Amino acid sequence: MARRYDSKTTIFSPEGRLYQVEYAMEAIGHAGTCLGILANDGIVLAAERRNTNKLLDDVFLSDKIYKIDEDMACCVAGITSDANVLTNELRAIAQRHTLQFGEPIPCEQLVMRLCDIKQAYTQYGGKRPFGVSILYMGWDTRHGYQLYQSDPSGNYSGWKATCIGNSSAAAVSILKQEYKVSETDLHQALLLALKVMSKTLDMTKLNAEKLELATLVRNDNKTEINVISVEEVKELIKEHEQKEAEAEAAKQDKQSGSGKSSDK
Amino acid sequence: MNTGKSHTMYPSTSGTSVVGLVYDGGVMLAADSLGSYGSLARFRDVKRLFKVTDKAALACSGDIADYQFIREVIEQKVRDDVCGGYTRELNAGALHCWLTRVLYNRRSRFDPLWLECVVAGYKDDEPFLGYVDKIGTAFEAKEVATGFGLHFAVPMIREAREKKQNLSCDEARKLLTECLKVLYYRDCRAHFKYQLADITPEGVTIHDDLNLKKETNWEVANYISGYE
Numbered sequence: 001m002a003r004r005y006d007s008k009t010t011i012f013s014p015e016g017r018l019y020q021v022e023y024a025m026e027a028i029g030h031a032g033t034c035l036g037i038l039a040n041d042g043i044v045l046a047a048e049r050r051n052t053n054k055l056l057d058d059v060f061l062s063d064k065i066y067k068i069d070e071d072m073a074c075c076v077a078g079i080t081s082d083a084n085v086l087t088n089e090l091r092a093i094a095q096r097h098t099l100q101f102g103e104p105i106p107c108e109q110l111v112m113r114l115c116d117i118k119q120a121y122t123q124y125g126g127k128r129p130f131g132v133s134i135l136y137m138g139w140d141t142r143h144g145y146q147l148y149q150s151d152p153s154g155n156y157s158g159w160k161a162t163c164i165g166n167s168s169a170a171a172v173s174i175l176k177q178e179y180k181v182s183e184t185d186l187h188q189a190l191l192l193a194l195k196v197m198s199k200t201l202d203m204t205k206l207n208a209e210k211l212e213l214a215t216l217v218r219n220d221n222k223t224e225i226n227v228i229s230v231e232e233v234k235e236l237i238k239e240h241e242q243k244e245a246e247a248e249a250a251k252q253d254k255q256s257g258s259g260k261s262s263d264k
Numbered sequence: 001m002n003t004g005k006s007h008t009m010y011p012s013t014s015g016t017s018v019v020g021l022v023y024d025g026g027v028m029l030a031a032d033s034l035g036s037y038g039s040l041a042r043f044r045d046v047k048r049l050f051k052v053t054d055k056a057a058l059a060c061s062g063d064i065a066d067y068q069f070i071r072e073v074i075e076q077k078v079r080d081d082v083c084g085g086y087t088r089e090l091n092a093g094a095l096h097c098w099l100t101r102v103l104y105n106r107r108s109r110f111d112p113l114w115l116e117c118v119v120a121g122y123k124d125d126e127p128f129l130g131y132v133d134k135i136g137t138a139f140e141a142k143e144v145a146t147g148f149g150l151h152f153a154v155p156m157i158r159e160a161r162e163k164k165q166n167l168s169c170d171e172a173r174k175l176l177t178e179c180l181k182v183l184y185y186r187d188c189r190a191h192f193k194y195q196l197a198d199i200t201p202e203g204v205t206i207h208d209d210l211n212l213k214k215e216t217n218w219e220v221a222n223y224i225s226g227y228e
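Listed in order, the protein sequences are those of chains A and B.
Counting from 1, one number per residue, gives the positions in the first sequence under UniProt numbering.
Counting from 1, one number per residue, gives the positions in the second sequence under UniProt numbering.
Extracted from the complex, chain A is given alone in its bound form (with noise of 0.2 Å):
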């Protein structure tokens, strides 16, 4: 049975696979989902907010959403102490880069940096990958805005948008058809985030307390990243719950027009 070559990580299974590794990614796909969205004047990262106890202590603004660098920010899914580890990392990579150039790390390096780190969890030393997704929000003078996507095999690639998490391919069809390339302003990409964790996530009605949205934009030569505040995002919820309603009544409408007039 294929059991006895997936317990260690530096082993290939008779088919060519590393068991490992999918079995990581199996444990990402029971996370909360964390979806990012490329925009012409900005980046948006939304998460799927899974501790609402009442009894946590408000310490930290957001539990999936992470500054990493001034013009970088990271979304995580998966297991929350790799996680940790790997976030600690990346704020230290960017800081070393700063050390020894006197200014910020490109955001294509730092992103394959870490999935170097990655990758090696996945060849040697006998440990186990690391069970954690990323994705990440960055600007630099290079490429502009850039949205990544890590995962646990160390591998990367650059996305317009993605989701990782619970749900995610079905979020990632649903992007597919409705994200516009190139068309998209910031404002849109917020709706659109919204519209896409509404049809994934399991349950009826969105709740600004069950929801983390962050952006990241450039202005005056400085990129500002912003937590959305739980009020704004209930204005947010509330907007796009009135795109729905107008939608729906537009469906309607033209379902009913095509017949014959209706009265009402």
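Where hints are given, some of them may not hold.
Short derived list, chain A residues pointing at chain B, Cβ under 10 Å [what the hints assert, rightly or not]: (1) Leu-55; (2) Leu-56; (3) Thr-98; (4) Gln-100; (5) Gly-102; (6) Glu-108; (7) Gln-109; (8) Val-111; (9) Thr-141; (10) Arg-142; (11) Gly-144; (12) Trp-159.
Quick list of in silico lysine-lysine cross-link-like pairs, DSSO-like style, CA-CA up to 30 Å [to be verified]: (13) B:Lys-214 with A:Lys-222; (14) A:Lys-176 with A:Lys-210; (15) A:Lys-127 with A:Lys-205; (16) A:Lys-222 with B:Lys-134.
Simulated from the structure, these hints should not be mistaken for lab results.
A quick note: this is a predicted structure, and the numbers were derived from the prediction, not measured.
Backbone N, C-alpha and C fix where the C-beta goes; we use that ideal spot for every residue, glycine too.
The hints should help you fit chain B onto chain A, whose structure is shown.
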């Protein structure tokens, strides 16, 4: 912890002054081509100035071996960046910062690279000129020089700037060659063959094998008592 080991703390073949200035439209760097072996003018075609990337050039005075070593490390670094493709081209500011860290760390280990470097180029569309030395002292300025250049050339440049704040390319070149000429007259370890680098937003141009011997006038030597 002290194993009784020590590293050489003196230069063997060394280069003399480097002079650099920022002008209206770019940055210029000049250094002569002499590698002195103490008071012997041993190697008369040493290239102490080199292009790092399209945005940065570096010139060093001090130990030539240490210069050649750091030049090779930097050239490999640039190659790695180009091959990797995930980072942007090293600019003058980043090179200056990196060099400062390296030189300071070496001195803290009592194993210095015996150099005084001038980094010239562009950082984020702004002209950049910086100095780093063997003990890790680093600063940026509009005119920078090493060795004797600090005492002869920098005051000359500052005087010219007082008359005219923004120098044109030709004025800068004339001023720089004048500085090198004065240094050749007064610095025993200087030579008349030199290199000049001009860094503009378009890129780095290095002029090699320049010679200022014809512009020198040694008639004044006759008036020095004891010359004959």
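Q. Taking the least C-beta to C-beta distance, is Leu-56 (chain A) closer than 10 Å to chain B?
A. Violated, about 39 Å.
Q: Take a quick look at whether Lys-222 (chain A) and Lys-134 (chain B) sit within 30 Å of each other, Cα to Cα.
A: Distance of about 35 Å is beyond 30 Å: violated.
Q: Report holds or violated for the interface hint on Gln-100 (chain A), using the least CB-CB distance to chain B and a cut-off of 10 Å.
A: holds (5 Å)
Q) Is the hint on Leu-55 (chain A) kept, meaning its closest Cβ partner in chain B is under 10 Å away? A) Since the shortest Cβ distance to chain B is 44 Å, the answer is violated.
Q: Double-check Gly-144 (chain A) for me: the hint is only fine if its C-beta lies closer than 10 Å to a C-beta in chain B.
A: At 12 Å from the nearest chain B Cβ, Gly-144 (chain A) fails the 10 Å test, so the hint is violated.
Q | chain B contact restraint on Glu-108 (chain A) - CB to CB distance below 10 Å | A | Holds. Min distance 4 Å.
Q. Given Arg-142 (chain A) as an interface hint, is the shortest Cβ-Cβ distance to chain B below 10 Å?
A. This hint holds: Arg-142 (chain A) lies near chain B, its Cβ roughly 5 Å from the closest one there, short of 10 Å.
**Q.** Per-residue hint verdict: Thr-141 (chain A), partner chain B, C-beta under 10 Å
**A.** holds (7 Å)
Q) Taking the closest Cβ pair, is Thr-98 (chain A) under 10 Å from chain B? A) holds (9 Å)
Q | Hint consistency between Lys-127 (chain A) and Lys-205 (chain A) [alpha-carbon to alpha-carbon, up to 30 Å] | A | Between Lys-127 (chain A) and Lys-205 (chain A) the Cα gap is close to 41 Å, so the pair fails against 30 Å, i.e. violated.
(Q) Quick check on the hint: Trp-159 (chain A) CB to chain B CB, less than 10 Å? (A) violated (16 Å)
Q: Have a go at the Val-111 (chain A) hint: is there a Cβ in chain B nearer than 10 Å to its own Cβ?
A: holds (8 Å)
Taken one by one, the earlier hints fail for this structure at numbers 1, 2, 11, 12, 13, 15 and 16, listed in ascending order.
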